[in-house]
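First to last, the sequence lines map onto chains V and U. Note that my numbering has the first sequence beginning at 1, numbered continuously upward. Note that my numbering has the second sequence beginning at 1, numbered continuously upward.
No wet-lab data here; the hints were simulated from the structure. Each residue gets a CB set at the ideal place from its N, CA and C atoms; glycine is no exception. Among these hints, one or two may not hold up.
Said to hold, decoys possible - Residues from chain V shown here face chain U by an in silico Cβ test under 7 Å; the list is partial:
1) Gly65
2) Ala165
3) Phe166
4) Gly167
5) Ile183
6) Ser186
7) Asn188
8) Trp190
9) Asn262
10) Leu264
11) Leu266
As the list claims (entries may be wrong) - As a list, the in silico DSSO-like pairs of lysine-lysine whose alpha-carbon atoms are at most 30 Å apart:
12) V/Lys181 / U/Lys289
13) U/Lys75 / V/Lys181
14) U/Lys289 / V/Lys66
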Amino acid sequence: MEISQAETAEEAARGLARRSGGMLGRMAKRFDLYLMLLLPIAWYLLFHYGPLYGLQIAFKDFNPGKGIGGSEWVGFDHFQRFFESYYFERLLWNTLSINLFSLLIAFPVPIILALIVNELRSKSFSKWLQNITFIPHFMSVVVIVGILSVFLSPNTGPVNKLIEAFGGEPIRFMESAGWFKTIFISSNIWQNMGWQSIIYIAALSGVNPQLYEAAKMDGASRLRRIWHVSLPGIVPVIVILLILDIGHFMDVGFEKILLMQNNLNLESSDVISTFVYTTGILNGEYSYTAAIGLFNSLINLTLLLLVNRFARRTAETSLW
Amino acid sequence: MLKRWQNYAIGTVVASTLVLSGCSSDSGSNDEAGASASAPSSAANAVKPSGFPIVEQPIKLKFFTRIAPTNGPFKDMPVFQEYEKMSNVQVEFTEAPTDGFQEKKNLLFASNELPDALYRSQLTQLEAIRYGAAGQLIPLEGLIEQYAPNLTALMEQYPEIRSGITTPEGHIYAIPGIVTLDSARTDKKWINQAWLKKLNLKMPETTDELYDVLVAFRDQDPNGNGQKDELPLTARTPVAGQGLPIVNMMSGSFGLDLQMGYNINIADDKVEIWMGNERNKEMLMYLNKLYQEKLLDPEMFSQKEADYLAKQASGNTGMFFDQTNNVFLEIQDQYTGMSPVKGPHGDQLQSQGAPIARDFGAFAITSVNKYPEVTMRWIDYFYSDEGSTLLRFGREGENYELRDGIPYYTDAFMETGNQPKITPYAGGGAPHLISEKVASLINPPQVQEAQDKLTPYMPEVRYAAPMFDEETAQKVNILRNDLDKYYEEQSTKFIAGALSFDKWDEFQATLKKLKIDELQQIYQEAYDKMAK
Numbered sequence: 001m002e003i004s005q006a007e008t009a010e011e012a013a014r015g016l017a018r019r020s021g022g023m024l025g026r027m028a029k030r031f032d033l034y035l036m037l038l039l040p041i042a043w044y045l046l047f048h049y050g051p052l053y054g055l056q057i058a059f060k061d062f063n064p065g066k067g068i069g070g071s072e073w074v075g076f077d078h079f080q081r082f083f084e085s086y087y088f089e090r091l092l093w094n095t096l097s098i099n100l101f102s103l104l105i106a107f108p109v110p111i112i113l114a115l116i117v118n119e120l121r122s123k124s125f126s127k128w129l130q131n132i133t134f135i136p137h138f139m140s141v142v143v144i145v146g147i148l149s150v151f152l153s154p155n156t157g158p159v160n161k162l163i164e165a166f167g168g169e170p171i172r173f174m175e176s177a178g179w180f181k182t183i184f185i186s187s188n189i190w191q192n193m194g195w196q197s198i199i200y201i202a203a204l205s206g207v208n209p210q211l212y213e214a215a216k217m218d219g220a221s222r223l224r225r226i227w228h229v230s231l232p233g234i235v236p237v238i239v240i241l242l243i244l245d246i247g248h249f250m251d252v253g254f255e256k257i258l259l260m261q262n263n264l265n266l267e268s269s270d271v272i273s274t275f276v277y278t279t280g281i282l283n284g285e286y287s288y289t290a291a292i293g294l295f296n297s298l299i300n301l302t303l304l305l306l307v308n309r310f311a312r313r314t315a316e317t318s319l320w
Numbered sequence: 001m002l003k004r005w006q007n008y009a010i011g012t013v014v015a016s017t018l019v020l021s022g023c024s025s026d027s028g029s030n031d032e033a034g035a036s037a038s039a040p041s042s043a044a045n046a047v048k049p050s051g052f053p054i055v056e057q058p059i060k061l062k063f064f065t066r067i068a069p070t071n072g073p074f075k076d077m078p079v080f081q082e083y084e085k086m087s088n089v090q091v092e093f094t095e096a097p098t099d100g101f102q103e104k105k106n107l108l109f110a111s112n113e114l115p116d117a118l119y120r121s122q123l124t125q126l127e128a129i130r131y132g133a134a135g136q137l138i139p140l141e142g143l144i145e146q147y148a149p150n151l152t153a154l155m156e157q158y159p160e161i162r163s164g165i166t167t168p169e170g171h172i173y174a175i176p177g178i179v180t181l182d183s184a185r186t187d188k189k190w191i192n193q194a195w196l197k198k199l200n201l202k203m204p205e206t207t208d209e210l211y212d213v214l215v216a217f218r219d220q221d222p223n224g225n226g227q228k229d230e231l232p233l234t235a236r237t238p239v240a241g242q243g244l245p246i247v248n249m250m251s252g253s254f255g256l257d258l259q260m261g262y263n264i265n266i267a268d269d270k271v272e273i274w275m276g277n278e279r280n281k282e283m284l285m286y287l288n289k290l291y292q293e294k295l296l297d298p299e300m301f302s303q304k305e306a307d308y309l310a311k312q313a314s315g316n317t318g319m320f321f322d323q324t325n326n327v328f329l330e331i332q333d334q335y336t337g338m339s340p341v342k343g344p345h346g347d348q349l350q351s352q353g354a355p356i357a358r359d360f361g362a363f364a365i366t367s368v369n370k371y372p373e374v375t376m377r378w379i380d381y382f383y384s385d386e387g388s389t390l391l392r393f394g395r396e397g398e399n400y401e402l403r404d405g406i407p408y409y410t411d412a413f414m415e416t417g418n419q420p421k422i423t424p425y426a427g428g429g430a431p432h433l434i435s436e437k438v439a440s441l442i443n444p445p446q447v448q449e450a451q452d453k454l455t456p457y458m459p460e461v462r463y464a465a466p467m468f469d470e471e472t473a474q475k476v477n478i479l480r481n482d483l484d485k486y487y488e489e490q491s492t493k494f495i496a497g498a499l500s501f502d503k504w505d506e507f508q509a510t511l512k513k514l515k516i517d518e519l520q521q522i523y524q525e526a527y528d529k530m531a532k
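One chain only, chain V, in its complex shape (with noise of 0.2 Å):
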């Protein structure tokens, strides 16, 4: 029975190819493999385009009684009340500014890092290092705030008694709006660096041999190697991962973000994200903040595209 289904199949499938020989043809013959794809397809379609239909109620009045479909339309009154909104200015600096502040002192950190582990004679110093700073990587958001909360504690903690050993005065890290985003960076760097640079390694590995080799004939040195050889080589990868990383620009590390959040330095650490999650989820405002949120989706899709036409021009890589 199955045998000759997938026989009659077949036939089908060369008759199909006989008669039109494209496209359909092809994938009529190699059937399998298209099968195999239709589950990607339609967990996009499931996860992904099908709550584009909920978008809706950023114009809407959302009565979860009534349903999307049922609430009232109300255009553009929840965008309006955003760009209004006393906090607008605020969210949208801290939003950016995190973002701009992470990637450009974060972001050449693993590079550096992969650098300087590539350049190591030293292989078991090297692997060292690599499992060193790799391993904050597995620690979640929450061990990490509470780490950080211990070491910066005004009273106990180790960095604020070095401070006073030095004659100055303790400071509370965690509670000043000042020190929020250098706290929260560097913490980031910290944490990611490691696991970053991995891909930067592998990239290095590929770099020809050969050419380093004829770069030490020309009598270049190691700073020389490193500047004309080893980056020229990975810089692919690099333009790759910024603009993948511009890709996530306005979504900021939420969760870290929150659980540092306190009203001493809200000022400086209330971004878009946790704006939507207090006001949309805890005080059940849904439509204010599906529009607040698909004006940040907006925004993130308008640079991507922008920073891609860019790479695509200069550094001649793009993501497509």
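Given the structure of chain V, go ahead and fit chain U onto it with the hints provided.
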């Protein structure tokens, strides 16, 4: 290799962009199944008008509830085991921890995946009105009249309960936890009398004297260990949207009352939201002085509830605020309750305090409930002394004994340390009646004395938070979201010295910009309606 990498990268970018845009809609995704407004109960198994069991054939109900860290599983609580046998109603609880409860509750409504009822649900007034108007919660006033004799009797005895939970349209969407015991509606001001005695200080009566006492606590080593490790004053950590506890505790000394469940003074029928008032500035400056001189707990704005409770029990704290003495029972003699101190203008008021319908929105029935009458009879039992005793004390003999008709936990049971595990009242907000009859644990003589210190300074009338119609409630919500957030953040900064008082004018101007006047007008109108 790079090429392949690129392909992979494209996939990731596409995916992440989609996730990003998808995210914004997730919160509201909803199947369109509209809620049916009325649910017929099965005629064959009719609800009995009175007496137990409530129904002849056992039925099952699904409740959504909040579980506090101190509670054990609800299905193991003696109250629900016994009551199931009594009533023939089997309740299956879905438990959500206090942390994150608000989120889970809202998602239930947003996704329309409703339980039969919400138990201990902390519904806000806006939520009750919003979900009631949407048809997800059913109006209860008819059911209460017919099937809730205990609740009805309480509402007749205390008319403010009814006015506090009825919408302008005349609907009741949620039943409150009712507290007729005065001392369960205030936080006492506990001061370390052992330290006062040791340092030869008298009980502070004014804000200046309080300041001096706290300085002495800080400097004169009352715990006698030779180190300056005493903590003069602490208070609960603020919860966003609920004001600053330290402010609520001290505001009465500066002539700032807390009427209508908000930062409101009422004088000559005029409602004033006092956040921009000069008196508030005075209070914040006072608290700032305490903070700068390390008299006020520096961890107050970031500590966890558990840290706060540990400070109470440590005996190393000069002054703090709490409803009972249960947390520091083992060192209870060290502390005593004090009266509010007199402020610079002679004000001496206990402004903090809850209305008799203390826990608004403790219980609600949803539109998917097939047995609303049964559910109403089920919950009504807990508004009697008998039902409340079962809820709070469990089984007679095993958990409690009667002394002069008043239930007390047995000593043997208290020693197990399981008391908060067996009752849903521990952790607050359970829908039931708290009267003097069931308060042997929370209202011992020490707490009664502390309450007596506060009673003379309570405002003559305490107006409950008003019920608005849906449209107004929505407006109030929008205004208060912005205003409360701003007020709490700036007050915290004023107190901690992160914001100089030179900026006070700017603070006042921003309050105006956030439409404090409009909000005041809405409360004024609500007050006018209430006063009539």
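Hint check:
Taking 7 Å as the C-beta contact cut-off toward chain U, the hint placing V/Gly65 at the interface holds, the least distance being around 3 Å. With a cut of 7 Å, the hint placing V/Ala165 at the interface with chain U is violated, because the nearest CB-to-CB distance is about 19 Å. For V/Phe166, the shortest C-beta to C-beta distance to chain U is roughly 21 Å, which exceeds 7 Å, and the interface hint is violated. Because the smallest distance between the Cβ of V/Gly167 and any Cβ of chain U comes to about 19 Å, over 7 Å, the interface hint for this residue is violated.
For V/Ile183, the suggested interface contact is broken, since its CB lies about 14 Å from the closest CB of chain U, more than 7 Å. Among the interface hints, the one on V/Ser186 is violated; its C-beta lies about 20 Å from the nearest C-beta in chain U, farther than the 7 Å criterion. Among the interface hints, the one on V/Asn188 is violated; its C-beta lies about 18 Å from the nearest C-beta in chain U, farther than the 7 Å criterion. Given hint, V/Trp190 at the interface with chain U, is violated; its Cβ is 22 Å from that chain's nearest Cβ, farther than 7 Å.
For the restraint placing V/Asn262 at the interface with chain U, the shortest Cβ-Cβ distance is roughly 5 Å, inside the 7 Å limit, so the hint holds. This hint holds: V/Leu264 has a C-beta 6 Å from the nearest C-beta of chain U, less than the 7 Å allowed. Contact between V/Leu266 and chain U, as hinted, is supported at the beta carbon level, the nearest pair being about 5 Å apart and thus within 7 Å. Note on V/Lys181 and U/Lys289: the hinted pairing holds, with a Cα-Cα distance of about 28 Å set against a maximum of 30 Å.
Between U/Lys75 and V/Lys181 the alpha-carbon distance is near 46 Å, which puts this suggested pair outside the 30 Å criterion. A distance of roughly 52 Å separates the Cα atoms of U/Lys289 and V/Lys66; the hinted pair therefore is violated under the 30 Å criterion.
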